[in-house]
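Just so you know, the sequences run in chain order A and B.
Just so we're aligned, residue 18 is where the first sequence starts under the working numbering, counting upward by one.
Just so we're aligned, residue 86 is where the second sequence starts under the working numbering, counting upward by one.
Since the hints were made in silico from the structure, they are not lab data.
Remember, predicted model here, so these are calculated numbers, not experimental data.
Note that beta-carbon positions come from the ideal geometry of N, C-alpha and C, so glycine has one too.
Hints may be right or wrong, so weigh each one.
[Said to hold, decoys possible] Think about it this way: if two alpha-carbon atoms lie no more than 16 angstroms apart in a straight line, the pair counts; the simulated EDC-like pairs of lysine to aspartate or glutamate are:
1. B:LYS128 x A:ASP76
2. B:LYS452 x B:GLU480
3. B:LYS495 x B:GLU447
4. A:LYS83 x B:GLU112
5. B:LYS128 x A:ASP78
6. A:LYS332 x A:ASP364
7. A:LYS80 x B:GLU112
8. A:LYS332 x A:GLU447
9. A:LYS58 x B:GLU481
10. B:LYS246 x B:ASP276
11. B:LYS302 x B:GLU447
12. B:LYS308 x B:GLU447
13. A:LYS58 x B:ASP252
14. A:LYS58 x B:ASP185
15. B:LYS396 x B:ASP284
[Unchecked claim] For the chain A half of the interface with chain B, some residues (derived, Cβ under 8 angstroms), not all of them:
16. GLY31
17. SER36
18. HIS43
19. MET46
20. GLU60
21. GLY66
22. SER73
23. GLY77
24. THR82
25. PHE85
26. GLU88
27. GLY105
28. ILE328
29. ARG331
30. LYS332
31. PRO333
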Amino acid sequence: MSEAGPLTPLKYLGDLDYSVLQQCMHCGMCLPACPTYLETKKERNSPRGRIALMRSIADGDLKVTKEFGEEMYYCLGCLACTTACPAGVNYPQLFENARAEVEYHGVLFNPERRFWRWLTLDQLFSKPWMLRAVGRLLWIYQVSGLCWLVRKSGLLWLAPKNLRELEPTTPVIQRHFSDALIEEREAPATSKYRVGLLTGCVQDLIFSNVNRATADVLLENGCEVTTPRSQGCCGSLHAHNGDLDQATERARALLDRFDLATLDAIITNAAGCGSHLKHFSNLLKSDPDYSDRATEWDRKVKDISEWLVEIDFRKPEKTRGGESVTATYHEACHLCHGQGISSQPRDVLRAIPGLELVELENATHCCGSAGIYNITQPEQAGKLQKEKVACVQKTGASLVATANPGCHLQIQNGLGESAEVVHPVSLLAEAYRNEKHS
Amino acid sequence: MALLQSGNVALLDQLRAVVRAGDLLTEPEDLIPYGFDGTAAMKHAATCVVTPRSVEEVAAIVKIAGAAGAPIVTRGSGTGLSGGSIPVEGGIVLCLVNMDEIIELDPANLTILCETGVITKAIDDAAHPHGLFYPPDPGSMKISTIGGNVANNSGGLRGLKYGVTRDYVMGMEVVLPSGEVVWLGSKCVKDVAGYSMKDLFVGSEGTLGIITKVLLKLVPRPKARRTLLASFDSMEAAARTVSQIIEKQIIPCTLEFLDRKTCGCVEDYAKVGLPTEAAAVVLMESDGPESVVEEEGNAMAAIAEANGAIKVEKAKDDAHATRLATARRTAFSALARIRPTTILEDVTVPRSRLVEIVSYVEEVGKKHRLEIATFGHFGDGNVHPTILTDETDKEEMERVEHALSDIFDKTIELGGTITGEHGVGLAKKPFLARQFSEASYQLLKQVKMALDPTGLLNPGKIFDLPENKTS
C-alpha cells in the first residue's frame, strides 16, 4: 500500500483553476439528484461533499487518502448534479481531475486492480487491433458452443468470483465489426452535408449494427459519410477513470484520423463518448499543435439525434400494414446531463410511424451502468438497475429506446426477455427501410 | 479538535453505544462535508457527526453531551442561509436526516404528523393524493427537512396568501437540553391551555430544544391557477400595480419581482424574451376555483396594463405557465454563475416601502463598487439583495461588509427586519441588536437562559451569551 506522504505534490487538483472549486456554493440543490447520497444520506457521498473534499485537498487541509480515493470511485459520474446545480459548477472536470489525482498518488493500489487497469486502459482500450482481436476471440467463444459447454460443465466455478458473476452478462459480440459493415466513404445521391462518423470501441464490437443504422439515416438525409478505419477508443473511458494522460493521447490519435476542415460535423451515437468528445479542448489546451483543432472539433461533434434535429431530418412515411408498438425512452446520463440533449431523441422516436412513445418515470435517473461502475461497484449498480427495470415495467412498453451502449446492456440485462432495448436511430433506419419495401 | 482529546475518547465511546454502527462519524473524510451549510463564505470544522434514528437516541445523546459539557448543533440537510447549522468548536453535530418517517396523515382533521428529517416536498407530495396541500415552499424544498423549516420558520413564494411555516405548526415533540422529551400543542383548531410553547420553538434555530416530530396543518388543494408575467420600465410602476391588485382585494398566491440587474442576467442566461428596457418584471399567480382564477387573472392583467406595463403575458396552459415562471425560477441560477461567491440576503420591509429599499440597494451597489442584484417576494416586502463577489478577495469582502451594514440600517429605518425568512444564525448575529431595544434584545437572552442555562444547544448562534463557554 502506498499511502501518499505529505510531500507528494498535487498534480491535478493543484493545477486546476481554483475558481472551478470555488464555484460550488454548497447550497445542497444537488443532493436530491445524487443516487449515492439518496442511498446513504451521508454528505461525503454527495456532490457538494465530494467537492468539499477536493477543495480541502487543494487547500492542503486533507491528504489524498485511500478513503478519498474510494469516495471518488463511489461516485457514478452520472452528472445528474450538473443539471440540478444552480451555479453551473463544472463537475465533470472536477471529477476527472480528482480521479486522476487518486491514481497519481496510488492510494487505491493493489496488484489485482493494477492488473485489470493495465489490461483494460493500457492495452485493450488503447490499442484498437487488440480490442478487435479479443472481440473476435469472444465471438468465437460465444458462437462455437464453447460458451454453452463452459456454462453447462460447471467449469466456471474454477474462475475467480467476480469473473464468474460477470460471465453471464458478457455482451454478445457482433459477427461483423463496423469497418466490415460501413465503407470508408459512402455518399447519397445528392449530398447536402459532409460528416465524419465515430464508430467507438464497445459500440464497434457489440453494436456495429447501430453504427450501420447511423450511417443509413445520415445517407437518407443527404449526408456524405466518412468513416475512418480502426478508430479505437475516444479516451472517455480513460478520462473517467483517472488516466488523463492516456485520454489526451487517444484524443490526439482520433483528431489525426479526421480531416476536420472538410467536414460539417462529427457524428457519435454513444452518449458516454459524446459528452467526452465535446471537451477535447480541455485536454489539449496546452498543446500548440492540437489546441486549435480541438476547439474546432468540440464545436463540430454532434450526437446523432442532435444533428438529425438540427438538419430537420426527413420524417419517414407511414407504410401499409405496419404494426404499432409502444416504446419508452431512457435518457442516458451523459446525453441529458452531460450534453443537455433531451428533446431530440424523443423527436426522432415520435417521427417513427406506428410507434407510441410513453414517458418513463424517472427517465433521467442513472441505470447503474455508468461506464464500468457496474463492474467496480456491483451492489449500488444493481440497485439502480432494479429501480430502472421497475419503472420500465410500469410503462408496459415492449421497446426501450436509449442512446448509449452501457445503458443498453445494463437495461437489457435487467429486463431479460420482457422488453427489447434499442437505439432510437436503429428504429429510424428501420422505418426508412420499410418505406422502400412497402 | 478539543472533543477528540484525552477524556473525550470516552464521550465518543458513549455516543457509539447509543446509535447504530455507521451512525457516528469521526474520520476527516466524513466530517469535512459537515463543516458548512448553504451560507456563503462560512465554515467551521466538525469534530463528530451523529445521525440518530429515534427520539430515544436523540435524548440519550443530549444527556451524554450535557454530562460532558459538549455542545450540540442540530441540522437537517444543511441548506440554511444564515450559518445556523455550522458546527461549533468541540461540539457534536446532530444530523436528523435519518429520522424521516411520515407517521400519520389524518384527512378527517387535515393534519400530518412526521419526524423532522422528512423532506419538505415529501410532505406536500403525501398530501396531494388526498386533495390536500402543504403551502410553505422555501427554495430548497426538494431537499430541506421540515425540522430545519420549523426551526427557521421558513417562508417561500406563497407567503402573501398562505403565510409561512409557523402558520402550519400545530404541535411538536421536543427534546429539551435536560434530555427530557415533551409534547407541545395538539390537533385542536383552538387550544389555549397555557403558554403557546410550540410557538417559542418555531424559529428558535436549534438553540432551545431539538424538535423531533412535528404536527402540521394541511389545507384543501387549489383546483386551478393562472399565471401572468408583466414587465415595467420602472419599479414604481410595478409597485403601483401590486398595491392596486391588493386594494382590489385580490390576494395572489405568488407576486414575485426581478429588478433591472436581475432581468439583464436572466435574459443573458435563459433567453426568456424579457424586454431589454425592463426595470422590473413581476410574476403573478392566482390560485383557487377555476372561475375565480380566470376572473382574477383578467383583473390583474388589466391593472398591469393600466399602470403602463411594457408587456403583459398571460399563460394559455400549464406549459406556457411554466415558461413564464422560468424568468423568476432561473433568477438565482442566472446570478450565481456570474462570480465565484454569491451572498443572498433576505431583508424585509413593510410592503409599502419596497420601492425605497430596492432603489437604496442599487445605490449601495454603486457606492461600494459592488455587483448587487435584487429579486424577491413583492407581496411580502421580502427582498433578496444578492451580492456577486469573490470570498478570496479580502478588499472586496470588506466592501461587502460595509454594504450589508448599510442595507441593514436602511431596512431598520424603514420599519423592516434584517431577516424575513433565513434566520439570524451566525450571519446576522452582529446586526441583530440594532433592530431591538435593549430590553427586547435582553428578553431573547432571558428565554435562552431559562430553557438552556448551560448553553448546550447551538451556542453562539443568534446572539452571544457571556456564559457561552465554547464560542
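**Message:** What's the verdict on A:LYS80 and B:GLU112, does the C-alpha distance respect the 16 angstroms limit or exceed it?
**Reply:** holds, 13 angstroms
**Message:** Just to be careful: measuring from the Cβ of A:GLU60 to every Cβ in chain B, is the smallest value less than 8 angstroms?
**Reply:** The hint holds - A:GLU60 has a Cβ within 8 angstroms of chain B, the shortest such distance being about 4 angstroms.
**Message:** Restraint: A:GLU88 near chain B, CB-CB cut 8 angstroms. Satisfied or not?
**Reply:** OK, holds: A:GLU88 within 8 angstroms of chain B, min 6 angstroms.
**Asked** Given the hint that B:LYS246 pairs with B:ASP276, does the C-alpha gap stay at or below 16 angstroms?
**Response** Status violated; Cα separation ~24 angstroms.
**Item:** chain B contact restraint on A:GLY31 - CB to CB distance below 8 angstroms
**Value:** violated, 16 angstroms
**Message:** Hint validation: A:ARG331 versus chain B, beta carbon distance must be below 8 angstroms. Holds or violated?
**Reply:** violated, 27 angstroms
**Message:** B:LYS452 and B:GLU480 were given as a pair; does the straight-line alpha-carbon distance stay at or below 16 angstroms?
**Reply:** At roughly 15 angstroms apart (the allowed maximum being 16 angstroms), B:GLU480 and B:LYS452 satisfy the hint.
**Request:** Report holds or violated for the interface hint on A:SER73, using the least CB-CB distance to chain B and a cut-off of 8 angstroms.
**Result:** holds, 5 angstroms
**Asked** Is A:LYS58 within 16 angstroms of B:ASP185, Cα to Cα?
**Response** holds, 11 angstroms
**Residue hint A:ILE328, partner chain B, criterion CB-CB below 8 angstroms** = Cβ of A:ILE328 sits 22 angstroms from chain B, so the hint is violated.
**Item:** Minimum beta-carbon distance criterion (8 angstroms), A:GLY77 to chain B
**Value:** violated, 13 angstroms
**Message:** Checking one constraint from the list: CA of A:LYS83 to CA of B:GLU112, max 16 angstroms. Satisfied?
**Reply:** holds, 12 angstroms
Violated hints for the displayed structure, listed by number in ascending order: 9, 10, 11, 12, 13, 15, 16, 23, 28, 29, 30 and 31.
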